[in-house]
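Asker: Throw the hints in and build the complete structure from the sequences for me.
Following full-length UniProt numbering, the numbering of the sequence shown begins with 1 at its first residue and continues without gaps.
Calculated from the structure, these hints are not laboratory results.
Hints should not be assumed to be uniformly reliable.
Unchecked claim - DEER-style ranges, computed between Cβ atoms:
#	residue 1	residue 2	range
1	Leu80	Pro152	50 to 56 Å
2	Asn157	Lys59	48 to 54 Å
3	Leu81	Lys59	23 to 29 Å
4	Glu183	Gln139	18 to 24 Å
5	Gln84	Asn227	17 to 23 Å
Said to hold, decoys possible - 25 Å max Cα-Cα, derived DMTMM-like pairs, lysine to aspartate or glutamate:
#	residue 1	residue 2
6	Lys147	Glu107
7	Lys169	Glu102
8	Lys182	Asp122
9	Lys143	Glu187
10	Lys145	Glu155
11	Lys147	Asp171
12	Lys134	Glu91
13	Lys230	Asp122
14	Lys182	Glu155
15	Lys90	Asp171
16	Lys230	Glu183
17	Lys98	Asp171
18	Lys145	Glu183
19	Lys95	Glu187
20	Lys230	Asp175
21	Lys90	Glu64
22	Lys98	Asp175
23	Lys54	Glu65
24	Lys147	Glu117
25	Lys70	Glu87
26	Lys134	Glu65
27	Lys70	Glu56
28	Lys169	Glu117
29	Lys169	Glu87
30	Lys95	Glu183
31	Lys145	Glu117
32	Lys98	Glu86
33	Lys169	Glu86
34	Lys230	Glu187
35	Lys143	Glu86
36	Lys143	Asp175
37	Lys145	Asp125
38	Lys51	Glu65
39	Lys90	Glu71
40	Lys169	Glu183
Note that beta-carbon positions come from the ideal geometry of N, C-alpha and C, so glycine has one too.
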Amino acid sequence: KDTFLKSQESSGTTLNNNPEKEEIQNDIPKEEKAKGKKRAASPEGLLKPVKLDKSELYKVPTNEELSHLKETENLFHSNLLRLQIEELLKEVTLKNRKQRIEAFLHEISTLLNNVPEVPARDITDQSWLPTGVKVPILQLPFKVKGKFHFLPPVEVNVVGSYLLGTCIKPDVNVDLAVIMPKEVFQEKDNLNQRYHRKRALYLAHLAQHLAETNRFGSVAFAYQNGNHLKPIVLLQPQGKLGEGGETLTCFYFLSFSPILPTLPFFFPSLPTLPSFLSPS
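Answerer: And the structure:
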């Protein structure tokens, strides 16, 4: 019996020491094993549920939340569609670029207001334009009566999508309306495209003056809605607008003074076409 009890005691000690031996054999210390158990109990990267009180859980929605839900139901018909539109607007809406755009627009306005005056001369005498500057209109017939007198613009106004806050990136387009003074026009400018030719000459002189400043990446002519009687100028600053590589293009249009439509040749009751071209 004594020998049997001794053998049991020895076997009990060996059984108690087996886990340590197995850990040493497998080269796994106790601390790492304990850590592994903790990781299994609370894995990383999972969000724990927030416990709310019954008062917060069954709280009555506010007016803003009700209007938000009503807009989602009536306008978007789906919460997913609304989320997609909101994410899209975050990507295309201008945020931190407005200061640079406004500084660029102020620079253009000061340059346009400081364009030198050109004395009055015949509309066919275009020797005052530098060589290489083309008038962006088809001048046919070329020999037309009338005088052209260049004066600085009356106003330079921002119009279009940028003014309304609907301008988007990456291609940012800003529209400028340049108002011509009424002293540029004469009584019979409705004949033989004299008004359109004066408008094109005015635009060519402005573009040539802006190109000489070397402050712009490009200065080019274009046509509004493909109409060759309405040329415009495209201006782009040097470099990019921001870190995302956005480009800025300024379209500036020419318009006459608000006092100008009171002149008699703008009334539709007067004959503005020759008799053989009139519908009667």
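Asker: Evaluate each hint against the coordinates.
Answerer: How the hints compare with the structure:
Judged by the Cβ atoms, the range 50 to 56 Å given for Leu80 and Pro152 holds: they are separated by roughly 54 Å. Distance hint check for Asn157 and Lys59: the Cβ-Cβ separation is about 50 Å, which falls inside the suggested range of 48 to 54 Å. Here the CB-CB span from Leu81 to Lys59 is close to 27 Å, well matched to the stated 23 to 29 Å. At roughly 22 Å, the beta-carbon separation of Glu183 and Gln139 lies within the given 18 to 24 Å, and the hint holds.
A hinted range of 17 to 23 Å for the beta carbons of Gln84 and Asn227 is inconsistent with their spacing of about 37 Å. A distance of roughly 31 Å separates the Cα atoms of Lys147 and Glu107; the hinted pair therefore is violated under the 25 Å criterion. Taking the CA atoms of Lys169 and Glu102, the gap is near 15 Å; set against the 25 Å cutoff, the hint holds. Restraint check for Lys182 and Asp122: satisfied, since their Cα atoms lie roughly 17 Å apart, inside the 25 Å limit.
Proximity of Lys143 to Glu187 is assessed by CA-CA distance (about 18 Å); at most 25 Å being required, the pair is judged to hold. In summary, the hint linking Lys145 to Glu155 is not supported, as the alpha carbons are separated by about 28 Å, beyond the 25 Å threshold. Restraint check for Lys147 and Asp171: the C-alpha separation of about 40 Å exceeds 25 Å, so the hint is violated. With a CA separation close to 40 Å, the supplied pair Lys134 and Glu91 exceeds the 25 Å bound.
In summary, the hint linking Lys230 to Asp122 is supported, as the alpha carbons are separated by about 22 Å, within the 25 Å threshold. A C-alpha spacing of about 12 Å is found between Lys182 and Glu155, which places the hinted pair at or below 25 Å, so the restraint holds. Taken as a hint, the Lys90 and Asp171 pair is honoured in the structure, with Cα atoms around 15 Å apart against an allowance of 25 Å. At roughly 20 Å between alpha-carbon atoms, Lys230 and Glu183 fall within 25 Å of each other, so this suggested pair holds.
Among the hinted pairs, Lys98 with Asp171 is consistent with the structure: their alpha-carbon atoms are about 14 Å apart, no more than 25 Å. As the CA atoms of Lys145 and Glu183 are separated by approximately 17 Å, the hinted pair is consistent with the 25 Å bound. At most 25 Å may separate the alpha-carbon atoms for a hinted pair to count; Lys95 and Glu187 exceed this at roughly 48 Å. Of the supplied pair hints, the one linking Lys230 and Asp175 holds, its CA atoms being roughly 14 Å apart against a limit of 25 Å.
For the suggested pair Lys90 and Glu64, the alpha carbons sit about 21 Å apart, so the restraint of at most 25 Å is met. The suggested pairing of Lys98 with Asp175 holds, with an alpha-carbon distance near 14 Å, which does not exceed 25 Å. Taking the CA atoms of Lys54 and Glu65, the gap is about 19 Å. The hint holds against a cut of 25 Å. Between Lys147 and Glu117 the CA atoms are separated by roughly 14 Å; this keeps the pair inside 25 Å, and the hint holds.
With a C-alpha separation of about 20 Å, the suggested pair Lys70 and Glu87 falls inside the 25 Å cut-off, and the hint holds. As the CA atoms of Lys134 and Glu65 are separated by approximately 60 Å, the hinted pair breaks the 25 Å bound. Under the criterion of a C-alpha separation no larger than 25 Å, the hint pairing Lys70 with Glu56 is consistent with the structure, at around 22 Å. At most 25 Å may separate the alpha-carbon atoms for a hinted pair to count; Lys169 and Glu117 exceed this at roughly 37 Å.
For the hint pairing Lys169 with Glu87, the CA-to-CA distance comes to about 14 Å; that is within 25 Å, so the pair holds. Using a Cα cut-off of 25 Å, the hinted pair Lys95 and Glu183 is violated, with the two alpha carbons roughly 41 Å apart. Our distance criterion of 25 Å between C-alpha atoms is met by Lys145 and Glu117, whose separation comes to about 21 Å. Only pairs whose Cα atoms come within 25 Å are accepted, and Lys98 paired with Glu86 is accepted, the gap being roughly 20 Å.
In summary, the hint linking Lys169 to Glu86 is supported, as the alpha carbons are separated by about 15 Å, within the 25 Å threshold. The suggested pairing of Lys230 with Glu187 holds, with an alpha-carbon distance near 21 Å, which does not exceed 25 Å. The suggested pairing of Lys143 with Glu86 is violated, with an alpha-carbon distance near 58 Å, which exceeds 25 Å. Note on Lys143 and Asp175: the hinted pairing is violated, with a Cα-Cα distance of about 34 Å set against a maximum of 25 Å.
Distance restraint check for Lys145 and Asp125: the Cα-Cα separation of roughly 11 Å lies within the 25 Å cut-off, and the hinted pair is therefore satisfied. The hinted pair formed by Lys51 and Glu65 meets the criterion: a straight-line CA distance of about 22 Å does not exceed 25 Å. Between Lys90 and Glu71 the CA atoms are separated by roughly 19 Å; this keeps the pair inside 25 Å, and the hint holds. A threshold of 25 Å between alpha carbons decides the hint, and for Lys169 with Glu183 the separation of about 39 Å lies outside it, so the pair is violated.
The structure fails hints 5, 6, 10, 11, 12, 19, 26, 28, 30, 35, 36, 40 (numbered hints given earlier, in ascending order).
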